[in-house]
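The listed protein sequences correspond, in order, to chains A and B. If you read the first sequence in the working numbering, its first letter stands for residue 90, the second for the next number, and so on. If you read the second sequence in the working numbering, its first letter stands for residue 125, the second for the next number, and so on.
The hints are simulated quantities; they were obtained by calculation from the structure and are not laboratory data. Don't take each hint at face value.
Under the rule of at most 30 angstroms between Cα atoms (straight-line distance), these lysine-lysine pairs were calculated in the DSSO-like manner [claimed, not checked]:
{"id": "1", "chain 1": "A", "residue 1": "K160", "chain 2": "B", "residue 2": "K370"}
{"id": "2", "chain 1": "A", "residue 1": "K165", "chain 2": "A", "residue 2": "K342"}
{"id": "3", "chain 1": "B", "residue 1": "K305", "chain 2": "A", "residue 2": "K165"}
{"id": "4", "chain 1": "A", "residue 1": "K276", "chain 2": "A", "residue 2": "K160"}
{"id": "5", "chain 1": "A", "residue 1": "K302", "chain 2": "A", "residue 2": "K165"}
Note that the structure is predicted; figures quoted are calculated from it, not measured.
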Amino acid sequence: MIEAMHLFFSYGARPVLRDFSASFAPGLLYGIVGPNGCGKTTLIRLLCGLSAPREGALSLDAMPYSVFSSKELARKVSLMPQIASLPPISGEELVGRGRYPYWGFSGRMSPSDLQAVQYALQRAEASSFAHRDVTKLSGGERQRICLAMLLAQDTPYVLLDEPTTYLDISHRFALMEQMRALREEGKCVIAVLHDLSLALRYCDRILVLEEGKVQSFDTPENILSSGVLDRVFSLSCRAVEVDGRREYLFLPKE
Amino acid sequence: MSILRKFFTPNSSDDRKHGRHAPVLLCVLLLLMVVFFFAALCFGSTSIDLVAAIKEVFSGKSDSPDARILLYLRLPRALGAVFAGAALAVAGVLIQGVLHNPMAAPNIIGVNSGAGLGAVLMLSALPSAVAFLPVAAFFGAILACLCIYAIASRTGGSRMTVILVGIAVSSVLSAGINTLKTLYPDSVYDADAFMIGGLSGITFIRLLPAAGLILLALILSLLFAREADVLSLGDDTAKSLGMNVKRIRLILLSLASVLAGAAVSFAGLLGFVGLVVPHICRFFVGQNHRLLIPASALGGAVLVLVCDLLCRLIFAPYELPVGILLSFVGAPFFILLILTGRKRHD
């Protein structure tokens, strides 16, 4: 369980998060949504320990973040890397670097590291192009390599910051399925999502952020019926039945 | 032209190729280093009978002119070329890795000038403490490194901005060296050769402490190769993988400063080794520092050995400081790098 209590964060004088409190439990897929500049990325950075909150406390399995060494924390919480800034190395090499928190001082990959890399590549369906230079792959392939790196890090808490941005629609569904599969294994998956319909369709809980404050933190059904999305995003959200499945439409506000 | 473009574009590399060819490349470089090392002992303004001279040196009494030339002139000079080349090339690899900037060579962003300033300051203030010269040069180099790093991270400037700021820092530090040279004209032996970088007049007394430091720093750099790999993924990713980014960055910059400082302390402000060699090696072995560091060390040694040999032979019996030739090779390389880099980023 990751618990955030009364977090405040600001860049200079501009407050980004204001009195943020929430907890994230294992076995659930969380979607964080909100308009641009609402503090989503900052929240993810705080949750994975990249930045420290100005005020408030973060705890992981009832222990404050500060008791973990940086490598210990990296064995608990992982963050999907940004695909925009990858060096020109092979996918396999990149995924291997995801095992960094498990390396000893010698920095050699143990057999279990190599096994984890192969398993992660297979699971992310990236084995076939793992030997190629990642800077030469398509956006979708690169994203699968990054997913494999995340899987290789093998942590109980998995964070993703807008993972679907560079993907076309079918890859988006595939990635959401992968996140669901991680949740099925009992992991806690937290993703910042731009695409509201993906969030509503796949997530177990949705956290709506507006100007650094939690507007709502609930199941998709309750989020939808409460009308909070309509208000925060200034639009009109409708659920419709298509072939017996619930789909979501977003219309401009009349 | 497309081959040229491919060569100068670091992203155009297939890693599968690198893994296979790397051991071969390392062996070839090692062989080249040995060959040119012996060539450097053999050839010069006078040719000597190497075998006889070596025998004489090993027999303990080196009385003949050949043996004296070998032992007191050519051997320290060849060793100096090996150590200076290896140190400056690896310093380039490390600095470029930390700054994520393939153009950030130690001579361009002022690390060499910083080391030079430290060394000249020491020579002016305490002319007798020659053994501590590499230490003084280290402090000058790390000052320049941290200065550039602070500017790069504070401003979040582009790669080219960092290079331009580095050039400015470099000129300030060089101005400092020139001031000291003017105030204490006797402090630096052959000051002109020191400014451009040269290997003439190297003695074992000046070489050995620096060589020891270089050897130590090279071994430590190899131990931190994996860290350098992870750091090259970017600060955020490295941090989220559990790396103490600040500490590793400081360690890598310190190692680069030890290497550049030690090299400058006996070879002067030798330029462009740290730019040309890492770039060529990256093309062949890729971004894996475990291969890149040894390949660059060997490649740097070969480059400086070859250039120094040419400098002694082209106008024999006169000789050029090796830094001149390196500038003739390196500066056009730098310009090409800027031009091809432009095309890629714009």
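Evaluated hints:
Simply put, K160(A) and K370(B) have alpha-carbon atoms about 14 angstroms apart, close enough for the 30 angstroms limit, and the pair holds. A hinted pair counts as satisfied when its Cα atoms are at most 30 angstroms apart, and K165(A) with K342(A) does not qualify at roughly 42 angstroms. For the given pair, K305(B) sits about 57 angstroms from K165(A) by alpha-carbon distance, which is inconsistent with the 30 angstroms threshold. As the CA atoms of K276(A) and K160(A) are separated by approximately 19 angstroms, the hinted pair is consistent with the 30 angstroms bound.
For the given pair, K302(A) sits about 26 angstroms from K165(A) by alpha-carbon distance, which is consistent with the 30 angstroms threshold.
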